[in-house]
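Engineer: Next come the chains, spelled out residue by residue.
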Amino acid sequence: MKKTKLLFIFTLLLLFTGCSSYTELNKLGIVSLLGIDYKDEEYHLYINVVEGEQDDGSLQKEYITYDATGESIDEALHFLYLKSNKKIYLSHMDVLVLSEDVINSKLQEIINYLLNHPEIRNNFELVELSSPMNILFEEKIDSKEISDLIQMNQEYMGTSFSVTFEHFLEDILIDKNSYLPLISFDKNLEINGISLLKNLKILDTLSTEETVLFNLLQNNINQAIYKNTTIVKNETNIEIKKNQITFHLKTEINKNSNKFKENLQKDLRKILIYYQDQDYDLLKLKYKMKQNHLSSLEDSNVLFPKTSLKFDIKISYTNSYLERRISK
Amino acid sequence: MNKHKITGFQYFTVFFFLLNSFIPFLGFHKITMISNQDALFSIIIGSILMIGFTFLIKRLYFYLPNKTLFEKIKFLFPKGFFFILGILFLLSSCILLFVTQEFTSFIHFYLLPEVHQFLITLPFLLLIFYFLRKEQEVIFRTSEICFYFYILFFIISMFGILPQSNFLKIKPLFSTSISSILRSSLYFFLSFPLPLFLLLYFPKNSLKRKEGGQKTWIKSILFSGIFLFVTLFLILSSLGVQLTNLYKNPLMVTYQKISFLNILERVEATLSFSYVLLYFFPMVLLIYLLKELILYAFSLSPNYEDLVLLLLLIGNLLGNQFFSFHTNFYFSISIFLAVFLIFLSFYSFLKKE
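Top to bottom, those sequences are chains A and B.
If you read the first sequence in the working numbering, its first letter stands for residue 2, the second for the next number, and so on.
If you read the second sequence in the working numbering, its first letter stands for residue 34, the second for the next number, and so on.
Don't read these hints as lab results, they were simulated from the structure.
Bear in mind that the values here come from a model prediction, so they are computed numbers and not experimental data.
Hints are not guaranteed to be accurate.
Calculated cross-link-like contacts (lysine-lysine; reagent style DSS-like; alpha-carbon spacing at most 30 Å) [what the hints assert, rightly or not]:
1) Lys307/A / Lys204/B
2) Lys202/B / Lys285/A
3) Lys204/B / Lys289/A
4) Lys204/B / Lys88/A
5) Lys290/B / Lys177/A
6) Lys281/B / Lys199/A
7) Lys290/B / Lys289/A
8) Lys167/B / Lys6/A
9) Lys202/B / Lys242/A
10) Lys3/A / Lys167/B
11) Lys204/B / Lys285/A
12) Lys307/A / Lys202/B
Each pair of labels, with its calculated beta carbon distance range [said to hold, decoys possible]:
13) His93/A / Ile189/B: 19 to 29 Å
14) Phe356/B / Asn244/A: 52 to 62 Å
15) Phe306/B / Asn244/A: 47 to 57 Å
16) Gly246/B / Leu284/A: 55 to 65 Å
17) His359/B / Phe305/A: 34 to 44 Å
18) Ser138/B / Lys28/A: 21 to 31 Å
19) Phe122/B / Leu83/A: 45 to 55 Å
20) Lys267/A / His359/B: 52 to 62 Å
21) Ser210/B / Ser73/A: 35 to 45 Å
22) Leu7/A / Ser334/B: 17 to 27 Å
23) Leu294/B / Lys28/A: 22 to 32 Å
24) Lys177/A / Phe364/B: 29 to 39 Å
25) Phe356/B / Asp149/A: 44 to 54 Å
26) Ser210/B / Lys188/A: 52 to 62 Å
Quick reminder that beta carbons are idealized off the backbone N, C-alpha and C, glycines included.
Please model the entire structure based on the sequences and the hints provided.
Structural biologist: This is the structure:
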C-alpha cells in the first residue's frame, strides 16, 4: 500500500513538470535582431529570425525577416506571430535597433516593456539607426555585423561606444540622460557617432570626431585617430574637487606634433563647456561629485554649471622602428 | 516524538535557511530603496538587533523544555489557548499563502514563464507532502545536506559575479541619514520573528543534550548576516544601486550576467536551486506547524496526519487562486509575531513551571 502511494506521488511529479509546455528547438524562431520604429501613432516591429534548417534538411545559418505594425508593442508582436510559423523567442536577442522617432516618443514604454518581458535578458546592445528601418531589415543584416562594427570602431578608432541595455538603464536611472551609438545604412552599415539623450529624448549628436573626444574623457580608448594623429594609448583620470574638475590625460601618439596637445585641450574644453552651458552632464560628473561626497545630486545641479574645468595633458611620442634606427 | 535526535548543527542550518529567506520574501531592494548603499550597514545593525531580540525570547525557549510551543501556550493560558491557537492558525495560513505565491511567481517569471502557476505549485507541494509524512528529524537532516549544496552554489556564483564587479559602484557610503539606515535596519530585522517563531515550536529537549539554544541562534544570525552582507556587496558592485532598487530579485539578475570564460553561460537556472531552498524550508516548517496545530487543538490521533496534511495542501492550492498578499502584509505579521513572542516570554516569568 505504501509503495503504491509513493508510486502514485512520483507519477504525478513526472506528469506535472515543466515538460508540459516544452518547445522543440526547430520550432523556435530565435530573434537575434529586433528593430522598433514609431510612425503615424503605430509601432513598426522588425525582427531577424535565425533559420537553421534548409528545405532539404541540411543546416545552414541564415535569417528571415518579419515585420508588423500595431498600436502597442504587444499588438505588433501579435501580428508578427500571424506571419511566423515558429514561436518568436526573444531570449537570445543581441541587438535592439531604435529609430529616432521611437526614442523621442515612446522610449519609456519600450523600457517598461523590455523590463517586464520574462524572456528578454538585459545584456543586449542598443543602437540608434538614422536611416529607414525597413532598408536595414530587407538586407537581412546580422546582429553580429552591427555589434562587431561598433566594437571594432570603439576599440581601434574610438569613434563609437557599445551600450548594453543594462548600462543604458543605469544611466537613465541616475539622471535620465544617456547616449546610444548611432549608425546608418545605405548599401553598407556606417558609424555616425553617438546620439545624446536628455530626459529620454534625443538632445544632440556627437560626430565621430567628437566621439573620440568623448571616449578619451571617459577613458574608453585603446587606439584612435584624431586630426591625422594616431593615439596609440591613453589613460584618463578625473579628479573632482568642490569647485573644480581636473582631467589628467596621459596620451601616447605616434607623430611628433607640437600642436596636438594644444588642439586637443582646446577641443576637449570646447565640447565640455558647450554641454555644460546646456546643462547636459555628458560625463555624469554630477553623480561623480555625489560619489565623492562633495554634494548631493540636487546641490550639484547648482554647482555643476559653476564648476571650472581644467586639463592636465601629458603627451608622449612613440618613435617608429625606422625612426629609432635612423636616430641611432 | 523522537527525542535527542536533532543536532545543534542541523538546527543551525534550518535557522540559517529561514533567516536567508529574507532574500526572496522581503528582498534586498526593500532596504536599498531606503538607504541606498548604506543598506550594507543595515544588515550589520539589523543582525545586532536580532541578537538583542534573542535575549528577550531566551526564557520562552528554556521554559518547559519538554513541551512544544502550543503546549507552553496551553500551560500559560489554559482558558484562552484555543483562541490564541486560532489566531496563530490564521496568521500562519496567510504567511503560507504569501510564501507559496512568492515561490510560484518567482518560478513562473524567471524559469517557467509558459507553465501555468498551478502546475508549478502542485509538484512542489506534493514533494512537501511526501517529506512531511516522515518524522520531524528528516526536515533537519535534509537541511544539513542542502546546506553544503547551498554553500557550494554560493561560492560558484561568487566567482561568477566577481569578474563583473566594479567596487566603485559601492560609493557613496554614508550618503543617507542615520534615520534611513535605522529604518532599513528595522526592515531587515522584521525578517527575524517568523524564523524564530517556527523554530520555537520545537521543544528544547528535542535537540541533542547541550546542543542548540541561544548560542546556536546567535551563530546562525552572525553567519547569515555575513552571508547576506557579502551577497548585497556583490549585487551592489555588479548592478549598482539604481538597478538593485529597480529589480525585485536583483540576485537573479546578477546570476543572469554570470559567464565562466565565455563558455558557460545562462547558468541562472542551475544557480536558482539555492534560491528555491530559501522557499522550501519556510514552506515545510509552516505546513508542519499548521499540521501539528490542528492535531493538537482538536486532540486528533496521529492516524489523521495524512488527512490533515492533504487538507492543508489542498487549502493552500485553492487559497492561492483566491487570495493574494503584499509584502507589507508580511511586515505586519512579523511585527505581531515579535510582540507576541516577547509577551509570551515575559508572561512565562510570572508563571512558574
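Engineer: Mind listing which of the numbered hints don't hold for this structure, in increasing order?
Structural biologist: 4
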